[in-house]
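**Q** These are the residues of each chain, in order.
Number of protein chains: 2
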Amino acid sequence: MYFCCRRDRLEKDFAELAQFGSLENGGFTRVAYSLEDLAARGWLQEKMEDAGLQVVVDAVGNIRGQRPGQEDLPPVMLGSHLDTVPEGGNYDGSVGILAALEIIRVLNDREQVTKRPIEVVNFSAEESSRFGVATIGSKALTGKLDLKTLKSLTDSDGFTLYDTLRESGYHPENIQYSSLSRENVHAFLELHIEQGPVLEEKECPIGLVSSIAAPTRFNVVISGRSDHSGNTPMAMRKDALVGASELVLGVENIATEAAGKDTVATVGYLKVSPGVMNVVPGRVELGIDIRDISCSDKNKAVKAVTELMTQIAAKRGLDISWKKLCDDTPVELSKRIMTSLETVAKQNNMSFIKMPSGAGHDAMNMASITDVGMIFVPSVGGVSHNIKEYSRMEDICIGAKLLLDATVRLAEE
Amino acid sequence: MYFCCRRDRLEKDFAELAQFGSLENGGFTRVAYSLEDLAARGWLQEKMEDAGLQVVVDAVGNIRGQRPGQEDLPPVMLGSHLDTVPEGGNYDGSVGILAALEIIRVLNDREQVTKRPIEVVNFSAEESSRFGVATIGSKALTGKLDLKTLKSLTDSDGFTLYDTLRESGYHPENIQYSSLSRENVHAFLELHIEQGPVLEEKECPIGLVSSIAAPTRFNVVISGRSDHSGNTPMAMRKDALVGASELVLGVENIATEAAGKDTVATVGYLKVSPGVMNVVPGRVELGIDIRDISCSDKNKAVKAVTELMTQIAAKRGLDISWKKLCDDTPVELSKRIMTSLETVAKQNNMSFIKMPSGAGHDAMNMASITDVGMIFVPSVGGVSHNIKEYSRMEDICIGAKLLLDATVRLAEE
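Just so you know, the sequences run in chain order A and B.
All residue numbers for the first sequence refer to our numbering, where the first residue is 667 and numbers rise by one.
All residue numbers for the second sequence refer to our numbering, where the first residue is 667 and numbers rise by one.
Derived by calculation from the structure, the hints in this document are not laboratory data.
Please note that a few of the clues may not be correct.
Treat identical chains as interchangeable: a pair holds within one or across any two.
Here are the simulated DSSO-like cross-link-like pairs (lysine-lysine), alpha carbons at most 27 Å apart as the crow flies [as the list claims (entries may be wrong)]:
#1 Lys678 - Lys713
#2 Lys989 - Lys966
#3 Lys937 - Lys989
#4 Lys937 - Lys981
#5 Lys981 - Lys1054
#6 Lys904 - Lys868
#7 Lys990 - Lys937
#8 Lys927 - Lys904
#9 Lys966 - Lys904
#10 Lys904 - Lys969
#11 Lys927 - Lys981
#12 Lys904 - Lys1054
From a predicted model like this one, the values you see are computed outputs, not experimental measurements.
Sequences and hints are given; from them, build the entire structure.
**A** Written as structure tokens, this is what we have:
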């Protein structure tokens, strides 16, 4: 009998995972280290142990489960994340975790022991929703986070990442023991939903990711003067919200017209103080996210945005200050792994396209310590980070099959 | 001995009132029916009773204290409010209440019984910060509020005004017994800070208000689509926040360029959902406040704003819906009272100007049932609805003296 990924088991896993953070409107909220996220982690860890994996949890809560190989060699790692944005879906991240888990079970069914160990990792806090910084787990695993940073990052309630980790039962003080280097990992593969419209448009079930765009992010504070909305003539106002509105439209214009063809830029949050009907807004805080797969196009956009902020401040008599939250470099993925994935896809008669990723992923950090490959499956309507996020199980099964065969191939190297 | 308003007593009152809702940053937050507002009311009621007033509290919490006259005639009423916007000051409203209280004490010192009774009223919820509607107390007292409205108005936490009143210990079910009509009131006077820059600019301690601008207000909901901020090309977005930003700038432009010379328009609150760094905003809710002393100029602005909303929705593929929260008519104040105030000011050698009020006041509602006069004292820097709101005690004393003499004059009619 030939054992392959079982759709029934995958469907059961998705249904069970849906217990954690599901909303009445059909969406999911499993924000990093929330009770819902922690409960989902507990469930996953049990599933991993049931599949015979040797599980360890590191300083930032990354769950790593290893299946031993014939030899004590650096493993092939498979990973993604279970956390979601607020009011997101059940596919972003989960697809990669549940498919990796299923691959372990298939190998168990086959009683197949690969030459190299295979490790499944659930990265913590991939989404930046809570701490304003994305891929915290894979940053920690690749030595890009230190104790000082854990103590300086805060969520909107003022909790530091460090305290959040402590309260979640982890040991952030051990951060320096949680990182891997090049000699510890043979390769890394991540299966993920596309979160964009390309695969659906091209009616193609598989995207092989050639490069990953990276964000530059700003937290911006615009200070004007709160005034009575009835008795302050238009010409005498210092309205922080009209300044912010010029910035929002300017950011859109820079991404659309002035930067590169792939540049995207977004103001995702914007908070107004005091934020009541009869007061001219005195203060606005907002976040800008600028992404590109081309470093020079991104830098062009970043420069234009900072110049715009200076212009608006001068023109409107506002004080605009900003803090660069991150300034990541776009990442090209391994050509060796790409060749391997192409070979396996062809062997399986799967149609695929090569494509860049506009979104950041844990794979991006892993690329700094090992050879990385990434597989996309279609997002219906191109929609993600939304309660309507959906990917078809038949597509997920195709992606899982590709991941399985590619994993085995790499694990036998 | 000649008894007049005593600066020391007024200063003591301001200092005592400052206990309620004072903030570390120097500002005050006594939002309508908050614990701080209720505590301030308790303090005021005691002060009024100490001054010998016969106090009643009506269905919406208006505190009315009467000083009997020689005859059982309709009283001269003096009133304003103690509630503040969030992070406001200690002068907006309070000046009128504390001066009225001081006038009662001066008449007590003089053992002077006027022909007509004099009534001091602290109106509830003058600020619209909590329920999106202003001058709730004076609307109730002049028969402009019914039970249905009390039950339909909600604050940002979803509490209805009705439930809030019940929890504050009032009896909103008696709203129909709380209104006065023309035969119940002889005249109404309100002393208030200008909340604008005009008196300071003209170095004039007194403004006599000729007319009061009125607001038209909208709550607007803009619905687009939440998408991943990295993988959604600019051209495929339905970003509710960029639509909202066009509206904010358009509202500013309409007030500045397209409507009348006195038109002011403000977007005071704006809430973004889901409001995180890595998601294109799918929904924005915002409030628009448009004011003018000319009805036709205001209507021109209102029409331009609604047309703009329709245009933005069509252009950006967004759904924009709005609810008109209020559409008040600008009010011309009594010429008879104006003449009386001018006469008294001249007798006292006070310099004054006649001016319109851009802000709404309780006096506006009172004008529907009686002859109304309104006195402004300067706001330093023109600043109000702000923690830096400040009015000088010497100016407040001049205003209180004018209020005293005008009150006595009207109470002897």
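**Q** Hints numbered earlier in the text: which of these fail when held up against the supplied structure?
**A** none
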